Amino acid sequence: MAASQAYARIRAEVLRLVALIPAGKFTTYGSIALHMNVAPRHVASVLARLTEEEARALPWHRVVAAEGRISQGMEPSLQERQRSLLQQEGMRLDDRGYIQDTDAHFHVVGLRRNIRWSED
DNA sequence: GGAGAGGCTTACT
DNA sequence: AAGTAAGCCTCTC
Numbered sequence: 020m021a022a023s024q025a026y027a028r029i030r031a032e033v034l035r036l037v038a039l040i041p042a043g044k045f046t047t048y049g050s051i052a053l054h055m056n057v058a059p060r061h062v063a064s065v066l067a068r069l070t071e072e073e074a075r076a077l078p079w080h081r082v083v084a085a086e087g088r089i090s091q092g093m094e095p096s097l098q099e100r101q102r103s104l105l106q107q108e109g110m111r112l113d114d115r116g117y118i119q120d121t122d123a124h125f126h127v128v129g130l131r132r133n134i135r136w137s138e139d
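Taken in order, the first sequence gives residues 20 to 139; the numbers are from our numbering.
No lab work stands behind these hints: they were computed from the structure. In this text the structure is predicted, and so the values were computed from the model without any measurement. Treat the hints with caution; some may be incorrect.
[Said to hold, decoys possible] Taking lysine to aspartate or glutamate pairs in the DMTMM-like style, the calculated list, with each CA pair at most 25 Å apart, reads:
1. K44 <-> E32
2. K44 <-> D122
3. K44 <-> D120
4. K44 <-> E71
5. K44 <-> E94
6. K44 <-> E72
7. K44 <-> D114
8. K44 <-> E86
9. K44 <-> E99
10. K44 <-> D113
11. K44 <-> E73
12. K44 <-> E108
Between the sequences and the hints, there should be enough to build the whole structure, so can you do that?
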């Protein structure tokens with residue numbers, strides 16, 4: 020089947036976790052991926068293919084790449100929006116897109132879970 | 001079913 | 001800090 024059930028569950032969980040990130044905080048793709056026991060790419064793919072309503076309802080901007088930096092692979096316009104949204108929530112970023120006060124604002128999604136996403 | 005792509009990551013320069 | 005290379009797993013065409 021296309022869009023396997025496993026992926027559907029992963030996607031739903033990613034959305035749930037992102038929704039839990041409090042304002043003024045942030046986390047990384049890697050952290051979510053580690054917590055969910057999936058590849059970082061998967062998390063990125065999920066967020067990259069958000070629907071309109073999901074993008075509106077979720078604080079996707081609170082998820083950044085490794086090292087607390089805004090993802091460079093996406094559209095510059097989106098990068099700008101993400102940066103302004105983060106600054107709007109009280110975080111400082113430098114010109115390169117790095118969050119300056121990472122230790123103070125990092126949101127720990129959770130410990131590593133050995134979840135089996137396949138159906139079995 | 002095979003090739004290309006994706007909002008990443010780590011390792012190394 | 002920036003750039004390159006290679007690995008990563010699944011989606012989409």
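Quick rundown of the hints versus the structure:
no.	hint	verdict
1	K44 <-> E32	holds (19 Å)
2	K44 <-> D122	holds (10 Å)
3	K44 <-> D120	holds (10 Å)
4	K44 <-> E71	holds (23 Å)
5	K44 <-> E94	holds (22 Å)
6	K44 <-> E72	holds (22 Å)
7	K44 <-> D114	holds (19 Å)
8	K44 <-> E86	holds (14 Å)
9	K44 <-> E99	holds (18 Å)
10	K44 <-> D113	holds (16 Å)
11	K44 <-> E73	holds (19 Å)
12	K44 <-> E108	holds (8 Å)
Of the numbered hints listed earlier, not one is contradicted by the structure.
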